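Undergrad: Residue numbers (our numbering), protein chains in the order written: chain A, 17 to 292; chain B, 665 to 916.
Keep in mind the hints are simulated off the structure, nothing from the lab. Errors might be hidden in some of the hints.
[To be verified] A few chain B residues that face chain A, going by a derived Cβ cut-off under 7 angstroms, partial list only: (1) Y755; (2) S757; (3) H759; (4) G808; (5) P823; (6) A837; (7) A841; (8) L865.
[Claimed, not checked] Over 12 angstroms on every C-beta distance to chain B, these chain A residues come out as not near it, computed from the model: (9) E82; (10) Q97; (11) E159.
[Stated by the list, open to error] To spell it out: a stretch of chain B is covered by chain A in this simulated footprint if at least three of its residues, at any positions, have a beta carbon under 8 angstroms from a beta carbon of chain A; those stretches are: (12) 668 to 680; (13) 721 to 735; (14) 766 to 776; (15) 843 to 852.
Just so it is clear, the structure is predicted and the values come from calculations on it, not from any experiment. Note that the Cβ used here is the ideal one computed from N, Cα and C, for glycine as well.
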Amino acid sequence: MTLLSVKDLYVTFRTESGIVEAVRGVSFDLGRERLGIVGESGSGKTMTGRSVLRLIRPPGRIDAVEMTFDGIDLLKISERQMRALRGKRIAMVMQDPKYSLNPVMRVGEQLTEGLRRRDGLRGAELHRKAIAALEAVQIRDPERVLRAYPHELSGGMGQRVMIAMMLIPQPDLLIADEPTSALDVTVQAEVLSILDGLVRDRGMGLIFISHDLRLVGRFCDRVLVMYKGRVVEELEAKHLMQAQHPYTQGLLNCLPRIGGDRGPLPGLDRAAAWAG
Amino acid sequence: MALIEIDNLSVTFDAGDRYVHAVQGVSLTVHARESFGLVGESGSGKSTILRAICGLAPISGGAIRIDGKPLQTPRGFDFARRVQMVFQDPYASLHPRHTIDRTLAEPLAIHRIGDTDRRVVQALRDVGLDPSFRFRYPHQLSGGQRQRVAIARALMLEPEILLLDEPTSALDASVQAETLNLLSRLRAERGLTFLMVSHDLAVIDHMCDRILVMQHGRAVEELDRDQLAAGAMKTGYARTLFNASADRMLDG
Ligand SMILES: Nc1ncnc2c1ncn2[C@@H]1O[C@H](COP(=O)(O)OP(=O)(O)OP(=O)(O)O)[C@@H](O)[C@H]1O
Ligand SMILES: Nc1ncnc2c1ncn2[C@@H]1O[C@H](COP(=O)(O)OP(=O)(O)OP(=O)(O)O)[C@@H](O)[C@H]1O
Ligand SMILES: [Mg+2]
Ligand SMILES: [Mg+2]
Chain A
17 MTLLSVKDLY
27 VTFRTESGIV
37 EAVRGVSFDL
47 GRERLGIVGE
57 SGSGKTMTGR
67 SVLRLIRPPG
77 RIDAVEMTFD
87 GIDLLKISER
97 QMRALRGKRI
107 AMVMQDPKYS
117 LNPVMRVGEQ
127 LTEGLRRRDG
137 LRGAELHRKA
147 IAALEAVQIR
157 DPERVLRAYP
167 HELSGGMGQR
177 VMIAMMLIPQ
187 PDLLIADEPT
197 SALDVTVQAE
207 VLSILDGLVR
217 DRGMGLIFIS
227 HDLRLVGRFC
237 DRVLVMYKGR
247 VVEELEAKHL
257 MQAQHPYTQG
267 LLNCLPRIGG
277 DRGPLPGLDR
287 AAAWAG
Chain B
665 MALIEIDNLS
675 VTFDAGDRYV
685 HAVQGVSLTV
695 HARESFGLVG
705 ESGSGKSTIL
715 RAICGLAPIS
725 GGAIRIDGKP
735 LQTPRGFDFA
745 RRVQMVFQDP
755 YASLHPRHTI
765 DRTLAEPLAI
775 HRIGDTDRRV
785 VQALRDVGLD
795 PSFRFRYPHQ
805 LSGGQRQRVA
815 IARALMLEPE
825 ILLLDEPTSA
835 LDASVQAETL
845 NLLSRLRAER
855 GLTFLMVSHD
865 LAVIDHMCDR
875 ILVMQHGRAV
885 EELDRDQLAA
895 GAMKTGYART
905 LFNASADRML
915 DG
């Protein structure tokens with residue numbers, strides 16, 4: 017079943033030095049599955065994710081032939097209807113979590129805002145839910161973290177707080193933008209297994225944006241490979257390591273290895289023709 | 665001769681109603697021209713050690729010496745010339761209302777170094793960014809582009825010691841390769857010394873001569889590169905980290 021359908025998405029910015037086409041004709045369908053988006057820095061991954069929530073700040077603009085979520089035309093609904101979807105039915109874990117958290121509000125207040133406002137929870141039950149959400153993402157000292165301000169968290173703790181916060185309303189679609197880029201492998205594995213469980217047990221759709229090819233290859237069902245604003249390859253994640261596209265192969269070759277020779281890493285031969 | 669000596673360092677934050685013992689009795693030494701890696705659990709105190717060197721964390725015990733001399737508080741002008749840090753959170757080090765041009769030119773102005781235009785353009789090129797990015801603001805860049813501006817900024821003053829906190833964690837494989845190659849080349853050419861944090865053991869193995877594994881604010885185990893490559897760790901935690909990473913490499 018298709019949860020999200022995107023056809024021919026363009027994101028453009030008018031800047032002083034000309035027009036930047038961040039996304040150029042991206043199309044994909046998402047079911048209740050794990051869809052990975054990989055690609056070079058600046059290839060348009062974040063802008064693709066933010067477009068779904070219509071979170072592109074002016075002067076940036078979104079154009080698409082279609083953008084439908086669960087039968088709702090995301091291009092047509094009012095900003096008010098969009099706000100009702102955001103966070104609640106479609107949530108996004110931002111790439112810069114500490115920057116996306118409110119710097120002058122304690123973590124606990126931000127984490128429980130929805131629970132208080134939407135679900136009317138108070139007191140001990142509210143506290144218990146908040147602690148459980150933090151423990152699920154392997155926060156060691158949840159009591160302290162609830163009372164901390166964002167700047168008092170480590171990079172990976174900020175990332176995990178953001179994930180916990182986005183999962184509390186039980187969204188139908190989660191867009192996770194580099195959600196584990198600051199996590200060590202053991203904590204990362206725990207966080208991934210939470211996301212995995214939500215896709216399998218609750219049928220959540222997941223867009224997993226990452227630059228980590230090996231991780232996406234292991235964790236996702238399908239992968240879109242982006243280059244210069246376009247999707248240049250779409251494949252089953254388990255076939256990522258045997259990718260055909262020269263760009264995808266090139267990316268795989270640039271990775272350092274434990275016990276490698278430490279010589280200069282192979283670079284990528286960026287053929288302009290790939291992106292057309 | 666040890667260039668950076670960290671001797672039984674403790675850092676304690678006062679979080680109002682309790683103390684956070686972020687770093688507890690950690691010692692390490694980094695020799696001149698060496699590259700030393702910090703790895704470990706999220707929240708284990710890696711960034712705090714780098715911040716303590718820069719005078720940005722409350723040291724509650726132990727000492728930090730550079731060239732055998734204790735550091736002055738506040739760190740001052742000469743320190744900035746010698747030691748530069750690339751922060752984990754690139755947004756935190758980039759002023760939101762300053763263009764990239766201003767961000768890169770500012771350290772030059774403060775230290776009265778001329779030839780600004782050429783240096784700024786070269787710094788952008790070094791990190792693989794087109795000079796047209798000069799007049800953009802941080803929010804007009806992708807995550808990886810911001811991270812590269814932060815690296816470029818740290819290189820502006822041609823420091824001798826670079827403290828690198830997850831310098832490539834927001835970068836895809838190709839830009840990571842280019843950035844690591846740049847850092848390695850600068851280290852060879854200018855005789856730089858690195859103290860770097862990464863959660864990616866393959867990156868650490870590629871870049872570092874020795875590593876320290878941390879957990880809960882403490883040093884767990886120090887390894888040299890051969891021990892890391894051979895998987896010759898003694899502690900359970902270091903082994904867990906290695907196994908979880910090695911497993912990712914199987915099909916890679
Ligand atoms: N406000 C803006 N004005 C102009 N250009 C922008 C703006 N925001 C983003 N861009 C450009 O759009 C392109 C795509 O950005 P996006 O953030 O989607 O990249 P990304 O694939 O997420 O990269 P990364 O892996 O580095 O995060 C980049 O080249 C970026 O510089
Ligand atoms: N200003 C602060 N006030 C209170 N506690 C702090 C402050 N800064 C850091 N801490 C705490 O110190 C501990 C170590 O944080 P640090 O940022 O050094 O971890 P890290 O090893 O870099 O983790 P990560 O890999 O997630 O970035 C964490 O528990 C964090 O919450
Ligand atoms: Mg991005
Ligand atoms: Mg850190």
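Undergrad: Counting residues of the segment 766 to 776 of chain B with a beta carbon closer than 8 angstroms to any beta carbon of chain A, are there 3 or more?
TA: violated (count 0)
Undergrad: Does the closest beta carbon of chain A sit nearer than 7 angstroms to the beta carbon of G808 (chain B)?
TA: OK, holds: G808 (chain B) within 7 angstroms of chain A, min 3 angstroms.
Undergrad: Return the status of the interface hint for A837 (chain B): holds when the least beta-carbon distance to chain A is below 7 angstroms, violated otherwise.
TA: holds, 4 angstroms
Undergrad: Was the hint right that S757 (chain B) lines chain A, CB cutoff 7 angstroms?
TA: With a closest approach of 12 angstroms, the S757 (chain B) hint is violated.
Undergrad: Can the hint on Y755 (chain B) be confirmed by a CB-to-CB distance to chain A that is less than 7 angstroms?
TA: holds, 4 angstroms
Undergrad: Should the interface hint for L865 (chain B) be scored as holding, given a Cβ-Cβ cut-off of 7 angstroms against chain A?
TA: holds, 6 angstroms
Undergrad: Looking at Q97 (chain A) again, its CB stays over 12 angstroms from all of chain B?
TA: Check passes; 26 angstroms lies beyond 12 angstroms.
Undergrad: With a C-beta cutoff of 8 angstroms, work out whether three or more residues of the segment 843 to 852 of chain B approach chain A closely enough for the coverage to hold.
TA: holds (count 4)
Undergrad: Would the hint on P823 (chain B) be counted as holding, given a Cβ-Cβ threshold of 7 angstroms to chain A?
TA: Violated - the Cβ of P823 (chain B) stays beyond 7 angstroms from chain A, reaching only about 22 angstroms at its closest.
Undergrad: So, A841 (chain B) near chain A? Judge it on the closest CB pair being under 7 angstroms.
TA: holds, 4 angstroms
Undergrad: Can the segment 721 to 735 of chain B be counted as covered by chain A under the rule of three residues or more with Cβ-Cβ separation shorter than 8 angstroms?
TA: violated (count 0)
Undergrad: Holds or violated: the hint that H759 (chain B) contacts chain A, with Cβ atoms closer than 7 angstroms.
TA: violated, 13 angstroms
The structure fails hints 2, 3, 5, 11, 13 and 14 (numbered hints given earlier, in ascending order).
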